[in-house]
Amino acid sequence: MADKPRIDEPTGTPTVGHEWDGIEELDTPMPRWWLYTLYATIAFSLIYTILYPAWPLLNSATSGLLGWTARGDYERSVAAEEQRNAPVRAALSRIPIERLAESSALMQSAIEGGRAAFKVQCVQCHGSGAVGGKGYPNLNDDDWLWGGNIKDIHQTLAEGIRQPGNDNTRTSIMPAFGRDGILNADQIDDVVSYVRVIAKQERPNASARRGTQLYADNCAACHGAAGEGNRTFGAPRLNDAIWLYGGDREALTETVTNARRGMMPAWGPRLDPVTVKMLAAYVHSLGGGEAYIPEAPAAAAATPDGSR
Amino acid sequence: MDLAKARISDEPQLFEARRKIFPKAIDGNYRRLKWAAMLVTLTIYYVTPWLRWDRGAYAPHQAVLIDLPHRRFYMFAIEIWPHEFYYVAGLLIMAGVGLFLITSAVGRAWCGYACPQTVWTDLFLHVERAIDGDRNAQIKLQRAPWGPVKIAKRLAKHLIWLVIAAATGGAWIFYFADAPTLARQFVEGIAPYQAYLTVGILTATTYTMGGILREQVCIYMCPWPRIQGAMLDEKSLMVTYKYWRGEPRTHGIKRAAEAAFQPLQGDKGAAPQHGLEALVALAADPKLASRVGDCIDCNACVSVCPTGIDIRNGPQIGCITCGLCIDACDEVMDRLDRPRRLIGYSTVADELIAAEGGTPESPAARLLRPRTIAYFLLWAGIGSGLLFSLGSRSRLDVSVRQERNPLYVQLSDGTIRNSYTINIRNMEGRPRTVTLAVDGLPGARMWDEGGSRESAGGTLAIPTPPDQVARKRVYVATSQAGPQRQPMRFVVTARDAEATSDREQSFFERPGETR
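Sequences listed follow chains A and B, in order. Numbering (the working numbering) for the first sequence: 9 to 316. Numbering (the working numbering) for the second sequence: 130 to 644.
Among these hints, one or two may not hold up.
Label-pair ranges, simulated between beta-carbon atoms [stated by the list, open to error]:
| no. | chain 1 | residue 1 | chain 2 | residue 2 | range |
| --- | --- | --- | --- | --- | --- |
| 1 | A | F52 | B | G358 | 30 to 40 angstroms |
| 2 | A | A234 | B | S521 | 51 to 61 angstroms |
| 3 | B | R264 | A | I55 | 20 to 30 angstroms |
Straight-line Cα separation of at most 20 angstroms, EDC-like style, residue types lysine to aspartate or glutamate; simulated pairs [to be verified]:
| no. | chain 1 | residue 1 | chain 2 | residue 2 |
| --- | --- | --- | --- | --- |
| 4 | A | K12 | A | D29 |
| 5 | A | K127 | A | D280 |
| 6 | A | K127 | B | E532 |
| 7 | B | K601 | A | E120 |
| 8 | B | K601 | A | E110 |
| 9 | B | K601 | B | E578 |
| 10 | A | K208 | B | D542 |
Chain A regions said to be covered by chain B (calculated; three or more residues, Cβ under 8 angstroms) [to be verified]:
| no. | stretch |
| --- | --- |
| 11 | 37–48 |
| 12 | 140–149 |
| 13 | 282–288 |
Calculated from the structure, these hints are not laboratory results. All residues carry an ideal CB built from backbone N, CA and C; glycine is no exception.
I would like the entire structure built from these sequences, with the hints used as guidance.
Structure below.
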């Protein structure tokens with residue numbers, strides 16, 4: 009082990025002075041421009057820390073000569089995006105909701121806008137895929153409590169369901185047949201049997217036969233003689249495969265005994281009109297949306313205007 | 130100088146100033162080969178973006194175009210979409226294997242002739258010579274104090290370099306946009322800022338690398354010399370100094386020779402002979418010829434070298450095998466009436482044989498060895514695979530993304546609905562209408578966002594715009610009876626004479642047994 013650097017004969021370069029089993033290492037000097045690139049990076053970093061926020065202080069940091077902030081950057085990009093969207097939003101605010109389908113480009117913009125708004129406002133109850141859950145309707149299917157054309161959906165969204173203090177809200181009250189003593193436990197059992205039979209979940213049986221008359225007396229007014237439901241009262245269809253609170257005996261018994269009165273916020277006062285329209289378009293696009301058929305003029309005048 | 134002192138002192142020098150290299154002009158076979166290579170490579174580089182190619186009404190008419198905003202790559206009759214990027218990967222692999230092949234067969238030919246660093250450095254060197262003169266004039270000018278002439282020459286040189294650099298960067302941008310349009314926009318000052326930025330950056334790098342850093346790029350920055358060190362073997366062609374012929378050099382015994390040949394030394398009246406002429410005269414003497422090698426130590430090989438190395442020290446990382454030292458040495462050998470190629474393209478194996486007095490292998494036998502054949506087969510295999518796949522690829526493609534949230538939706542009559550996002554790539558320059566059908570799901574009905582279940586049928590007609598992707602969200606509904614996860618396929622068929630077709634595997638999901 010030689011500690012003294014020596015000059016390597018063939019290359020004329022000094023060695024580092026160490027030797028391992030006869031192997032030595034050349035101490036080739038680095039090119040000087042390499043050193044200059046180091047100085048250049050140091051100069052760059054100094055200039056950078058002067059121009060941009062850099063040095064931490066006690067409660068904040070130096071703000072930099074350029075005054076750049078990430079927050080300001082964000083606000084600028086949001087403003088730019090809003091400006092970019094402005095024509096679409098203006099067009100959406102002009103067009104009545106039921107005529108939105110006439111312009112497929114506008115419809116597509118509304119759907120995409122609704123998709124984003126849904127993720128913020130609606131997923132808490134209806135889920136990110138709009139499949140809902142017990143008590144929260146699945147918005148993908150073709151079963152609608154209050155109507156599935158885009159105008160009905162828009163009104164549901166804008167005015168909500170069973171919202172106190174809102175005259176236009178959709179509302180109806182199912183009696184609590186058991187709790188209020190209208191039907192006794194056996195009668196409720198028979199009505200449940202009947203409902204499960206018309207929903208084709210049970211074969212006809214004695215209990216269901218006993219429930220037939222009870223259904224006709226107590227339920228058919230809203231739910232229809234054959235269980236086809238009634239959208240005017242938000243009375244669900246009973247003869248289909250979709251259950252909002254479950255179709256097993258236990259869930260149905262609970263429903264008939266204590267009734268269900270689901271609520272949904274009115275979004276009209278909370279969101280801007282264009283966003284509500286976008287949400288209506290998005291929900292309508294999920295696969296169950298129904299075509300809007302214009303009502304007779306007299307009837308249309310009587311209905312509260314959903315387009316706000 | 131300082132450097133020399135530093136090298137013999139014990140004090141290690143941490144950083145070394147660049148030793149300026151003033152390569153001497155030379156003419157010869159390899160110099161002419163370099164001219165040809167420069168002409169070809171620069172022509173390809175500057176002319177390619179301006180070639181036109183008719184692609185019909187829906188695609189650009191530039192023969193070679195990298196259309197980044199639209200994610201398309203056009204190369205004459207070939208159009209590559211982003212999902213076909215494996216063609217580019219394949220080309221890069223071919224380039225890599227091709228470099229291995231070239232390296233094991235003819236050494237660092239890439240470095241010496243075709244590498245952009247070599248080509249542009251060469252170009253810059255010629256500019257330098259045109260303004261400053263050849264090697265000696267350049268050295269003289271370098272040492273001269275600053276004055277009007279030196280300032281003017283330096284200004285002119287750097288200005289011309291900058292113009293060449295700007296032209297280099299300028300040509301690059303035309304590969305990425307319609308060349309005539311961009312050229313007009315560029316001059317009018319309305320081109321996208323990226324164009325100016327790219328030209329600026331490439332001007333800076335070309336000027337720095339070609340004008341200032343030059344051989345430093347090859348020696349310090351480029352990984353290729355290191356890789357090639359491992360790729361070369363004893364049968365690879367390299368620029369080789371034939372030590373067995375050249376040694377001992379005349380220079381080493383000059384003093385002895387001077388003592389032996391009094392007429393040279395003694396004739397004080399004659400003009401003293403210097404440098405090369407003296408050495409030529411000395412070495413040509415037949416009495417001396419038997420005792421010395423062919424190398425007269427004239428340093429011609431060193432003075433022409435663009436990386437400033439001495440090839441007589443054997444193979445080294447700084448040698449880019451440009452062959453200019455061969456030209457220089459041949460010239461000297463001609464003047465000495467000695468055989469050419471004291472420095473020449475040769476292999477280590479051949480030189481070992483030649484040193485013993487044997488006959489080297491024939492070039493064909495040297496080229497056709499297992500290693501080069503293996504590289505060639507690999508290279509050709511990848512190439513023909515790519516060509517075959519290019520020739521047989523379909524220009525209509527369907528891909529399906531099944532909606533996962535929710536997987537299925539139960540409808541009021543009990544049927545199950547799944548939804549899918551269908552992407553149909555129409556990769557031809559004409560609009561086509563395709564039929565989308567479901568295979569393997571009997572009784573399935575299909576509709577899109579605009580349609581409804583009532584109007585649904587077994588198939589959907591989808592118009593696809595030319596050279597674009599048509600995206601469609603479709604709903605498929607069928608009965609609840611069936612497996613929980615049923616394999617099925619989407620089939621698209623073009624509604625035209627060719628009836629091009631493509632299919633994609635997917636699944637239909639149903640709720641499980643439990644509800």
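Going through the hints against the structure:
1. Evaluation of the 30 to 40 angstroms hint for F52 (chain A) and G358 (chain B) yields a pass: the beta carbon distance comes to about 34 angstroms.
2. Evaluation of the 51 to 61 angstroms hint for A234 (chain A) and S521 (chain B) yields a pass: the beta carbon distance comes to about 60 angstroms.
3. Checking the proposed 20 to 30 angstroms range against R264 (chain B) and I55 (chain A) shows it is violated: the Cβ atoms sit about 41 angstroms from each other.
4. Restraint check for K12 (chain A) and D29 (chain A): the C-alpha separation of about 16 angstroms stays at or below 20 angstroms, so the hint holds.
5. The suggested pairing of K127 (chain A) with D280 (chain A) holds, with an alpha-carbon distance near 16 angstroms, which does not exceed 20 angstroms.
6. Between K127 (chain A) and E532 (chain B) the alpha-carbon distance is near 16 angstroms, which keeps this suggested pair within the 20 angstroms criterion.
7. About 14 angstroms separates the Cα atoms of K601 (chain B) and E120 (chain A), which keeps this hinted pair within 20 angstroms; it holds.
8. Restraint check for K601 (chain B) and E110 (chain A): satisfied, since their Cα atoms lie roughly 19 angstroms apart, inside the 20 angstroms limit.
9. At most 20 angstroms may separate the alpha-carbon atoms for a hinted pair to count; K601 (chain B) and E578 (chain B) meet this at roughly 8 angstroms.
10. Using a Cα cut-off of 20 angstroms, the hinted pair K208 (chain A) and D542 (chain B) holds, with the two alpha carbons roughly 11 angstroms apart.
11. Counting residues of the stretch 37–48 of chain A whose beta carbon lies closer than 8 angstroms to any beta carbon of chain B gives 7, which meets the minimum of three for the stated coverage.
12. With 3 residues bearing a CB less than 8 angstroms from a CB of chain B, the stretch 140–149 of chain A meets the requirement of three and the coverage assertion stands.
13. Only residues whose beta carbon comes within less than 8 angstroms of a beta carbon in chain B count, and the stretch 282–288 of chain A has 0; fewer than three means the coverage is violated.
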